[in-house]
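S.K.: Take a look at the letters that make up each chain.
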Amino acid sequence: MTVLAPSTVDELAAAMRDTGSSSVRVTGGGSKRSWGGLASPADVEVSTLGLDRVVEHADGDFVVTVEAGARLADVQRAVASKGQWLALDPPEPDATIGGVVACAASGPRRLRFGTPRDLLIGVTVVLPDGTVARSGGKVVKNVAGYDLGKLFCGAYGTLGVVARCTFRLHPQPRASRCISVVTDEPGPLVAMLRRSPFRPSAVEYDGERLSVVVEAFEAAADAQAEQIRSLVGGSVSADVPPTFGVRPWADGEVGLKATFRLGVLSEVLALVPAGFRVSAHAASGVLWLGAPSIDAASLAELRVSVAPYDGTVVVVTAPDEVKRDLEVWGPVRGVEVMRAIRDRFDPDRRMNPGVLDVI
Amino acid sequence: MARDFVAALGAHAVVTERAQLRTYECDGLTAYRCIPGLVVLPETAAQVAYVVRRCAEESVPFVARGAGTGLSGGALPVATGVLIVLSRLTAVRAVSIDDERVVVEPGVVNLDVTRAVAADGYFYAPDPSSQQVCTIGGNVAENSGGAHCLKYGFTAHHVTGLEVVLPDGSVERFGGLAPDPVGYDVVGALVGSEGTLGIVTEATVRVVRTPERVETVLAGFRSMDDAGSAVSAIVAAGVLPAAVEMMDTLSIEAAEAAVACGYPPGAAAVLIVELDGPADEVAAELTEVEVLCERAGAFEIRVARDADDRVAIWRGRKSAFAAMGRISRDYIVQDGVVPRTSLPEVLRAIADVSAETGIRVANVFHAGDGNLHPLVLFDASAGETDAAEAVSERILELCIEHGGSITGEHGVGNDKKKHMGRMFSPVDLDVMQLVRCAFDPANLCNPGKVFPTPRLCGERPGRRSGVHPVQAAGLGEIF
Chain A
741 MTVLAPSTVD
751 ELAAAMRDTG
761 SSSVRVTGGG
771 SKRSWGGLAS
781 PADVEVSTLG
791 LDRVVEHADG
801 DFVVTVEAGA
811 RLADVQRAVA
821 SKGQWLALDP
831 PEPDATIGGV
841 VACAASGPRR
851 LRFGTPRDLL
861 IGVTVVLPDG
871 TVARSGGKVV
881 KNVAGYDLGK
891 LFCGAYGTLG
901 VVARCTFRLH
911 PQPRASRCIS
921 VVTDEPGPLV
931 AMLRRSPFRP
941 SAVEYDGERL
951 SVVVEAFEAA
961 ADAQAEQIRS
971 LVGGSVSADV
981 PPTFGVRPWA
991 DGEVGLKATF
1001 RLGVLSEVLA
1011 LVPAGFRVSA
1021 HAASGVLWLG
1031 APSIDAASLA
1041 ELRVSVAPYD
1051 GTVVVVTAPD
1061 EVKRDLEVWG
1071 PVRGVEVMRA
1081 IRDRFDPDRR
1091 MNPGVLDVI
Chain B
3 MARDFVAALG
13 AHAVVTERAQ
23 LRTYECDGLT
33 AYRCIPGLVV
43 LPETAAQVAY
53 VVRRCAEESV
63 PFVARGAGTG
73 LSGGALPVAT
83 GVLIVLSRLT
93 AVRAVSIDDE
103 RVVVEPGVVN
113 LDVTRAVAAD
123 GYFYAPDPSS
133 QQVCTIGGNV
143 AENSGGAHCL
153 KYGFTAHHVT
163 GLEVVLPDGS
173 VERFGGLAPD
183 PVGYDVVGAL
193 VGSEGTLGIV
203 TEATVRVVRT
213 PERVETVLAG
223 FRSMDDAGSA
233 VSAIVAAGVL
243 PAAVEMMDTL
253 SIEAAEAAVA
263 CGYPPGAAAV
273 LIVELDGPAD
283 EVAAELTEVE
293 VLCERAGAFE
303 IRVARDADDR
313 VAIWRGRKSA
323 FAAMGRISRD
333 YIVQDGVVPR
343 TSLPEVLRAI
353 ADVSAETGIR
363 VANVFHAGDG
373 NLHPLVLFDA
383 SAGETDAAEA
393 VSERILELCI
403 EHGGSITGEH
413 GVGNDKKKHM
423 GRMFSPVDLD
433 VMQLVRCAFD
443 PANLCNPGKV
453 FPTPRLCGER
463 PGRRSGVHPV
473 QAAGLGEIF
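Protein chains in written order, with our numbering: chain A, 741 to 1099; chain B, 3 to 481.
These are calculated hints, taken from the structure and not from any lab test. In this text, a Cβ means the ideal position worked out from N, Cα and C, and glycines have one as well. A couple of the hints might just be wrong.
Claimed, not checked - Below, a sample of chain A positions facing chain B; criterion: calculated Cβ distance under 7 Å:
hint	residue
1	D801
2	R857
3	G877
4	A884
5	D887
6	K890
7	L891
8	A895
9	F938
10	A960
11	R1001
12	L1002
13	V1077
14	I1081
15	F1085
What the hints assert, rightly or not - Stretch-level coverage of chain A by chain B, calculated; a stretch enters the list once three of its residues show a Cβ under 8 Å from a Cβ in chain B:
hint	segment
16	950–959
17	1063–1073
Said to hold, decoys possible - Label-pair distances were calculated between CB atoms; the ranges are:
hint	chain 1	residue 1	chain 2	residue 2	range
18	B	F301	A	D799	22 to 32 Å
19	B	A48	A	D991	43 to 53 Å
20	B	A353	A	D799	25 to 35 Å
One chain only, chain A, in its complex shape (with noise of 0.2 Å):
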C-alpha cells in the first residue's frame, strides 16, 4: 500500500487528487485504527500525522484552530499554558484532534461540554479528489451557510479528510472534586443528581462505583461536593477513581456503544450480557461495554431489547474476525438520506471503504 504523508493542507489536496480512482484509507494517531465497520484493503494510505501545527490559538477569544494531525494531548497542553482547555476528554492516549472528529469520540465531561460537533466552529475539509472547502468560521457565534463541520463529525472519514479545525475553548476549572459511591443501583441516584440544582462536569458509573466529577470555584466545589456526598453518599476526593471514563475493553477485545434515553439506565444495565464490563456516561445515555468476544445472535438480542429505549448499539471495536459475523452498526434511522450525502461527496466510494459500509 502506498503511504501518502503531506505536512500542508495543500499537500493533503494534492496527495488526494493523486489518489485518482483509488481507495484511500485516512489515517492519524492509529488510537481508534480498530474502530468502525471492518476495514477492507485500500491502495493508498493518507496519514495526517505530518499536519500536526497549532495554527492560532485566540486565548482572549478562546478559540483554538489546528490541523488535523495534531494529538490532543499536545493541543491541550498548548492551550494549558493560557489557563484553557478543549473540552474533550475521550481517554484514548495518541488521539489525534482528526481522528476524535471523524469518530465523535467523546469522554466522561461531554455531560457538561457535548461532543465533538457542540464545540467545532469552523473545519477546512478535503473531499476525495482533491477539493478543499471550509465552513464555518473562528467565532462562537455565527449561522452563515451550511455547517459541514456537523456532517464530517463522526463520518469516520467517508466524506473527505478533516484537515484543520477550530474549536471553542474553556477556562480550565480552578477546582476538581470527585464524589464516589459504591452502589449496584445507580439509576435512581442518577435520577436525583439530575434532579439536583447542581451541574457536574461528569457522572460515570464503572459497574460498581459512580463518580459524580463537580468543578467550579475553590470554595464552591468544596461546598457542592459536600451536598452531593450528602445527597448520594460515599467519599469526596481531589482525584478521579482509575477506572474512571475508561473503555471497559483491552486490546483485541470487542468493545460496544450503547446510547439511550437518559432516564432509563437502570433498566439498559439490567439487560447487560453476562460477562460484559460496562463504563456509563451515567447521565448521558451512554453504556460502553466491553468483553472477550459477543456472537452475532446475543448482538442482535441486546438490539432488540434496547429497542423499547429509544436505544442502539453498535460494535466500537472487535478483531477482524469476529466483525466478519457482526452487523456492525445495526440498523441506522434516516439511511437513505445518509446514502445520497455519501454519494454526492464521494460517488465512487474510495474513501475508507468498509468502515462505515451500512451507509
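With chain A's structure known, arrange chain B on it following the hints.
M.R.: For chain B alone, coordinates are given in the frame of chain A:
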C-alpha cells in the same frame, strides 16, 4: 393544485384570494416582499407531506413559514410557488422530564416549550428575543440563539431528533430521544439550513434544569472601551455568565424614552451580566464580577434585588430594537459577529463610519460572544435610505475583515446571500451545495435562499468556469 389541496386539506386550509395572499408577502424583514402563488395551512405532518409531494410532482417550488418573525427574509415566498404555513401544527406531543426531552410540532411557540416543563423545574434554553411568538420550526431552520446562548448554546445544541418532510414528499426521522444517533449527524446538518433541506414536522428538544440562583448585574461605564474591558476581564477570569449584554449611549437613550428603564444616568455604556447556577457558585461569581466591573471603571453597579427588579433591568435591553422608533423614523437592524477581542476596534470603526456619513448607529449587542446588533438610524423621507444601507454593509465588511461572520443568529436568508461570497470561496459554497443537492436535487425547497448562485446538481465543486450553466440555459429567473 389549489383544487387538490382544497380536496385534501379542506377549503379553510387553502388561501387563493390575492388580498389574503398579500398577508404572507414577507416575514420579519419587510424590505423584501413577494406574494406567494398559493398558501396552505396544513394541520398534520401527513398533510405537509402531501403538499410537498404534489409540489415535487409538479416541479413547483415551496417555502415553509412559521410565525414569520425571521429577520433575513428566509421565509420570503416564491411568486410561482406554494407557501406552507406551519402555525397550525401546535401540539406538544410528549414531555419526558426523566429523559429531559420535549417532543413538539413545528408551530409550537418557543416559550411554550419552557411553559410545558417549568412546573417540573426545567426550561428550554435557546431564547431568541422573539421567543414569545417565534416557533420551534423556525428556530430549527435558523439555528436560533438568544441572549443566554453564551452559556447554554444554540438551537443546534438542544435538538436531538427531527421528523422531516423531505423535498420529494417522503417523511424521514433522524435522531430521537437518545444521544449520538448512528451514522451521519443529519440533525446537525438540518438545524440552521434555513428551510432549504426539508420541512420539520416534529422536533425533539433537550430541556435544562432551572438554575438554583440567578443574579443580574447592571453596570454603568463612562466609555464603551471601559465596558469592553470589563467583559474581557470577566471572561478571562474563567467566569462563564449566562448572558453579557452591552448598550451604547444612543440605545440607552432610546430605551429610556420608550420604557424608562432607569439605567445609570450619564452612562456611555451599560453592561448587563447575568449569572446562574448552583447558589454557592453564583455567589462567588457575583463577587468577582462586581470587583472586575469596578476595576474596569464602572461608576455604578446595581444587582437585581428580585425577579421584578431583574425584569426591569432586562426591559431596557429587550425594548432596544422597538425603542429606536422613538429616536429615528427608520432603522436597519444589522446582525454581525466579530471575535470578542476585536470588539473595541470594530466599535470605534463603526463610530468613524457613522461620523463620516452622518448616519447614526446605535449599538446593542451580545458582548460575551461578539455578536453585534448595530441599529442604523435614518430617515427614508429625507432620502437617507441608500446611505444607511451603505453604512449597514460597511459594518458587515468590518465583521468579515476582523475574522467574524455576516450573521450570528438572524440567518442568511434572502437578505445576506449576496455577502456569502465575501465570507466563503465559490468552492466552499459549491461544497455546501453538495449537501443541498443530496436532499433537494430539483432545487424546489425554499429556493433562492442562503446561496448567491444556484447550482445544477450534476456539477462537481471547483470545476466552474465562464457563465453559470443555469444562466446559460436561460433558467436564471426561475430560481
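S.K.: Decide, hint by hint, whether the structure agrees.
M.R.: Now for the hints, and whether the structure bears them out:
1. With 7 Å as the threshold, the beta carbon of A/D801 comes within range of chain B, its nearest partner Cβ sitting at about 4 Å, so the hint holds.
2. Taking 7 Å as the C-beta cut-off, the interface hint given for A/R857 holds, the closest approach to chain B being about 6 Å.
3. Restraint check, A/G877 versus chain B: the minimum CB separation of about 5 Å is within 7 Å; hint holds.
4. Interface restraint check: A/A884 against chain B, minimum CB-CB distance 5 Å, threshold 7 Å, status holds.
5. Interface hint at A/D887: satisfied, since its Cβ lies 6 Å from the closest Cβ of chain B, which is below the 7 Å cut-off.
6. Restraint check, A/K890 versus chain B: the minimum CB separation of about 3 Å is within 7 Å; hint holds.
7. Look at A/L891: its Cβ gets to within about 5 Å of chain B, closer than 7 Å, so that hint holds up.
8. Hint on A/A895 holds. Least Cβ distance to chain B is approximately 6 Å, under the 7 Å limit.
9. The closest approach between the C-beta of A/F938 and any C-beta of chain B is roughly 5 Å, which is under the 7 Å cut-off, so the hint is satisfied.
10. Using the Cβ-Cβ criterion of 7 Å, the hint placing A/A960 at the interface with chain B is satisfied: the shortest such distance is roughly 4 Å.
11. Using the Cβ-Cβ criterion of 7 Å, the hint placing A/R1001 at the interface with chain B is satisfied: the shortest such distance is roughly 4 Å.
12. Taken as an interface hint, A/L1002 checks out: its beta carbon lies about 5 Å from the nearest beta carbon of chain B, inside 7 Å.
13. Of the supplied interface hints, the one on A/V1077 holds, with its beta-carbon coming within about 6 Å of a beta-carbon of chain B, less than 7 Å.
14. The criterion of a C-beta within 7 Å of any C-beta in chain B is met by A/I1081, whose closest approach is roughly 4 Å, and the hint holds.
15. Residue-level restraint check for A/F1085 holds (minimum Cβ-Cβ distance to chain B is 6 Å; threshold 7 Å).
16. A stretch counts as covered by a chain when three or more of its residues have a beta carbon under 8 Å from one of that chain; for the segment 950–959 of chain A and chain B the count is 3, and the coverage holds.
17. Figure legend: the segment 1063–1073 of chain A, annotated as covered by chain B; annotation consistent (5 residues with Cβ-Cβ distances under 8 Å, at least 3 required).
18. For the pair B/F301 and A/D799, the supplied restraint of 22 to 32 Å holds, since their beta-carbon distance comes to about 29 Å.
19. The beta-carbon spacing between B/A48 and A/D991, approximately 51 Å, falls within the hinted interval of 43 to 53 Å.
20. A beta carbon spacing of about 27 Å between B/A353 and A/D799 agrees with the range 25 to 35 Å that was offered as a hint.
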